[in-house]
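Produce the entire structure from the sequences given, and follow the hints as far as they go.
Okay, here's what each chain looks like letter by letter:
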Amino acid sequence: MHLSPDEIIYWQYGFLKLNATIVFTWAVMLILVLSAYLITRKLNKNLHRSRWQNGLEIVVITIMQQITAAGLRKPKQYMGFLGSLFLFIAMANLLTIFPHFEAPTGSLSTTIALALCVFISVPYYGIKNRGLKLYLLAYAEPTFFMLPFNIIGELSRTLALAVRLFGNMMSGTMIIAILLVISPLIFPVIMSILGLLTGMVQAYIFFVLASVYIAAASSVTKPSSLSLKTPKPDKTEET
Amino acid sequence: MDSLTLIAICSIITAGLTIGIGVLGPSLAEGSAVASALNALAQQPDASATITRTLFVGLAMIESTAIYCFVVSMIVLFSNPFWNYFIAQSGG
Numbered sequence: 001m002h003l004s005p006d007e008i009i010y011w012q013y014g015f016l017k018l019n020a021t022i023v024f025t026w027a028v029m030l031i032l033v034l035s036a037y038l039i040t041r042k043l044n045k046n047l048h049r050s051r052w053q054n055g056l057e058i059v060v061i062t063i064m065q066q067i068t069a070a071g072l073r074k075p076k077q078y079m080g081f082l083g084s085l086f087l088f089i090a091m092a093n094l095l096t097i098f099p100h101f102e103a104p105t106g107s108l109s110t111t112i113a114l115a116l117c118v119f120i121s122v123p124y125y126g127i128k129n130r131g132l133k134l135y136l137l138a139y140a141e142p143t144f145f146m147l148p149f150n151i152i153g154e155l156s157r158t159l160a161l162a163v164r165l166f167g168n169m170m171s172g173t174m175i176i177a178i179l180l181v182i183s184p185l186i187f188p189v190i191m192s193i194l195g196l197l198t199g200m201v202q203a204y205i206f207f208v209l210a211s212v213y214i215a216a217a218s219s220v221t222k223p224s225s226l227s228l229k230t231p232k233p234d235k236t237e238e239t
Numbered sequence: 001m002d003s004l005t006l007i008a009i010c011s012i013i014t015a016g017l018t019i020g021i022g023v024l025g026p027s028l029a030e031g032s033a034v035a036s037a038l039n040a041l042a043q044q045p046d047a048s049a050t051i052t053r054t055l056f057v058g059l060a061m062i063e064s065t066a067i068y069c070f071v072v073s074m075i076v077l078f079s080n081p082f083w084n085y086f087i088a089q090s091g092g
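If you read the protein sequences in the order shown, they are chains A and B. Taking my numbering as reference, the numbering of the first sequence is continuous, increasing by one, and the terminal residue is 239. Taking my numbering as reference, the numbering of the second sequence is continuous, increasing by one, and the terminal residue is 92.
Think of the hints as simulated: they come from the structure by calculation, not from any bench. Owing to the predicted nature of the structure, the values given are computational and were not obtained by experimental measurement. Treat each hint with caution, since some may be false.
[Stated by the list, open to error] For each label pair, taking beta carbons as the anchor points, the in silico distance ranges come out as:
| # | chain 1 | residue 1 | chain 2 | residue 2 | range |
| --- | --- | --- | --- | --- | --- |
| 1 | A | L47 | B | S79 | 53 to 63 Å |
| 2 | B | I13 | A | Q77 | 46 to 56 Å |
| 3 | A | L194 | B | I75 | 19 to 29 Å |
| 4 | A | V189 | B | Q89 | 37 to 47 Å |
Note that beta-carbon positions come from the ideal geometry of N, C-alpha and C, so glycine has one too.
Structural data, given as structure tokens:
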């Protein structure tokens, strides 16, 4: 029984290893990039659109609505990062229905890499939208003594983001492996359906948490500076 | 008892305790979350989409605390650093 797909090694040449995580990450990337290329190759604005274009439009619009609901005003700016984060995790978790596919998100190295991307993108978008001074001042937000706690919180939520995704995916494969020993007939199927649901929910949670973190770091407007024309004041609703 | 046996006993007991105690809190929390979500659903059936989505996200966040315990117990059982260290020592 292996804990993560890092331990399955297909090819090794000295220091270089090609384990299952890398191979299946490449497979997911290939599927996403190829399908995006093939669908967007001939886009049209007519009434007769292809089925694939309609599907992709639904996906993109839904992601944009979710980003807006998380508190980010202009979702197009964040679409490239957050959207591909969601699509990658969701595709990696969905492809577990195929036999011999090991989800790359079930390896701690993948999830730590994804969480580090979020960790870096938070100050990037924060400085871009707010300016360096205002962004850094947010760390001393209630009082100056909260500075170390804010920094610790920033680090620990990155770790929690990584371990949450890893633990959920790893526990799914682990439970199926244990159940295959105990009752191999029907019960593992039910648990793998539950695993698919968990995978989608985890992808959504990762995406929503990343957008909430970015929104918290880059919200510029204060309630006093809002003009009267805007119908809805700064809503910080959590999804 | 040599150190390997001691480590094995300790890690098995610790893994069981970790998952057993660690599941207590999240299970109580999930129960109360579902109960209040059902209350809200009974009062406002129109908002069922929002409530259900928020409930799922909240449940997964609560569940992740139990999953941290599971990860720790799996590490203790299957890739225990002390175990590996003493195996390497005795193996030479």
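Out of the numbered hints, which ones does the structure contradict? none
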